[in-house]
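Asker: So the protein lines, in turn, are chains D and F.
Heads up: the first sequence runs through residues 1 to 254, numbered per the numbering used here.
Heads up: the second sequence runs through residues 1 to 241, numbered per the numbering used here.
Note that these hints are calculated values from the structure, not bench results.
We put the CB at the ideal spot given by N, CA and C, even for glycine.
Do not rely on the hints blindly, as some may be mistaken.
[As the list claims (entries may be wrong)] Think about it this way: if two alpha-carbon atoms lie no more than 35 angstroms apart in a straight line, the pair counts; the simulated DSBU-like pairs of lysine-lysine are: (1) F:71 with D:76; (2) D:166 with F:163; (3) D:20 with F:71; (4) D:20 with F:163; (5) F:100 with D:20; (6) F:66 with D:76; (7) F:70 with D:76; (8) D:188 with D:76; (9) D:76 with F:215; (10) D:20 with F:66; (11) D:20 with F:69.
[Stated by the list, open to error] Among chain D residues calculated to face chain F with C-beta under 10 angstroms, some are: (12) 17; (13) 22; (14) 61; (15) 62; (16) 66; (17) 131; (18) 134.
[To be verified] So, partial list: chain F residues that the calculated Cβ filter (under 10 angstroms) puts toward chain D: (19) 60; (20) 73; (21) 74; (22) 85; (23) 97; (24) 122; (25) 134; (26) 147.
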Amino acid sequence: MAAGKSLGKRWYGQGLPYLKTGRLPGHLIVIEGTDGVGRSTQIELLRPWLELDGYAVSNTGWTRSPLLSDTINEAKAGHELTVLTFSLLYAADFADRLEHQIIPALRAGFIVIADRYMYTAFARNMVMGADPIWTRELFGFALTPDLVLYLEIDVDSLVPRVLQGKGMDYWESGMHLALGNDIFDSFKRYQGSLIDEYNVLAREFDFVTVDARRSIEAIQSDLRENVSAYLASSRRATPAAQRPGSNDRARRRS
Amino acid sequence: MIDADTRRGLLTQEHPYPGRLITVEGIDGSGKSTQLLLLDRWLAARGYQVRLTEWNSSRLVRRAMKRGKKKDLLTPTTFSLLHAVDFADRLTYQIVPPLKAGMIVLADRYVYTAFSRDVARGVHPAWVRALYGFAPRPDLALYFRVPIEVSLDRLLGGRAKLKYHEAGMDLGLATDPAQSFRLFQSRVLDIYDQLTQEFDLRVVDATGDIPTQQKVVRRLVQEVLRGYERPRRAEAVDGGR
């Protein structure tokens, strides 16, 4: 694979050939998991913990780019999107954040915590029936994360959590797929299929799976343990001469 | 993992629709839009049902594109992806339905514009081909070839200033817009020449006078309309021949 060995990071596909990234000593940590599983709650708890440990942290989330978040929200409201335009808009939003936010933060040695990554697009597109090979090629410009933490839940455990929270929303229930008129049934079917896809991706891409059916505290403690282990291994992989600020390193679990 | 070079998707196969898809390509100032307009008039006068669609014209990404260009937020990748969103949107609403209805679709610029311009900006050629893997192959793809200086003369004659992105100013090749245009568009021209082979674009010499070019265009279009059945008009539906 076309890889920036000198970066200590790898591109998922062709990468960004025109970009001189330089060295990227930071860490890219991704939190994946379906809607309502508690990703943002966990990220809010991870951040201060890492900062207390002396790490600078940058957050980034799906559809939050200054370039496209308005366009995506408007288009969703207008119901004019197809799986094709959806995928491309998400990819554009992601590319904008990658080039303007994630890569600069990694260059500056930050830990970047990404709330969702390209795997969310992979899972959704499978459920929506888009060509999976096309979806993956689309994200060929992405950086491969250093660590993917996957919050795994089954749909029966997810339902009460969502109903106690903000409730079932149109998109997260897959109502756009017209699986039925009943939002509850649609939610269960759509989220069930999404979770199945995430589980397949978890094996393929070597996610670290965390059981998200438990309490917030129990999940957080698992996440911290895995982040600590990753950071320790990345320090060990760094020649002493290059410390501090862990640098080019072998990939974890390789 | 991914081998984008081996897959070019639908662009390598004939499309399954009863309509006809005719596209024009060329650098800015090549005169392709003028030729397409004349073709549109001619086809309409002969009673064909025609739908015209233009690159980067969908409402969906207009605001993001405008904002991105104004604030110089666009990178080669987001520039490319926004154009792909525009294309996918127009394909869904403006291109495929008329083709299914058996109409003639005329597209002012098609995926080959992305293959040349975006690659000239630095994105990977295999990536951008994969990106547009969902695009149907045109029945006729015309390429209006013109030297840089001719197109530059036409553009500067017609309007006062070269557009920022058209001149490739975002790449920082030169501070003078005309010089930047020359540098950027010669890259684009070189790539078009390669695409001509790869995708069987039909080259039209765009230095000639307008009626002569149009004659060539009409002859090529007549070839692809051989065997084409126009959709029945409403009044002809009940069996009247």
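Asker: Now, for every hint given, state plainly whether the structure supports it.
Answerer: Against the structure, the hints come out as follows:
1. F:71 with D:76: holds, 25 angstroms
2. D:166 with F:163: violated, 47 angstroms
3. D:20 with F:71: Judged against 35 angstroms, a Cα distance of about 21 angstroms means the pair holds.
4. D:20 with F:163: At roughly 27 angstroms apart (the allowed maximum being 35 angstroms), residue 163 (chain F) and residue 20 (chain D) satisfy the hint.
5. F:100 with D:20: violated, 45 angstroms
6. F:66 with D:76: Judged against 35 angstroms, a Cα distance of about 20 angstroms means the pair holds.
7. F:70 with D:76: holds, 24 angstroms
8. D:188 with D:76: holds, 21 angstroms
9. D:76 with F:215: violated, 46 angstroms
10. D:20 with F:66: It holds: about 26 angstroms lies between the C-alpha atoms, which stays within 35 angstroms.
11. D:20 with F:69: OK: residue 20 (chain D) and residue 69 (chain F) at ~22 angstroms, within 35 angstroms.
12. 17: holds, 5 angstroms
13. 22: violated, 16 angstroms
14. 61: violated, 17 angstroms
15. 62: violated, 15 angstroms
16. 66: holds, 7 angstroms
17. 131: With a closest approach of 7 angstroms, the residue 131 (chain D) hint holds.
18. 134: holds, 5 angstroms
19. 60: This hint holds: residue 60 (chain F) lies near chain D, its Cβ roughly 6 angstroms from the closest one there, short of 10 angstroms.
20. 73: holds, 6 angstroms
21. 74: Holds, about 8 angstroms.
22. 85: holds, 4 angstroms
23. 97: For residue 97 (chain F), the interface hint is violated, since the closest Cβ of chain D sits about 12 angstroms away, which is over 10 angstroms.
24. 122: Result: holds, 3 angstroms to nearest chain D Cβ.
25. 134: holds, 6 angstroms
26. 147: Violated: closest Cβ of chain D sits about 26 angstroms from residue 147 (chain F), beyond 10 angstroms.
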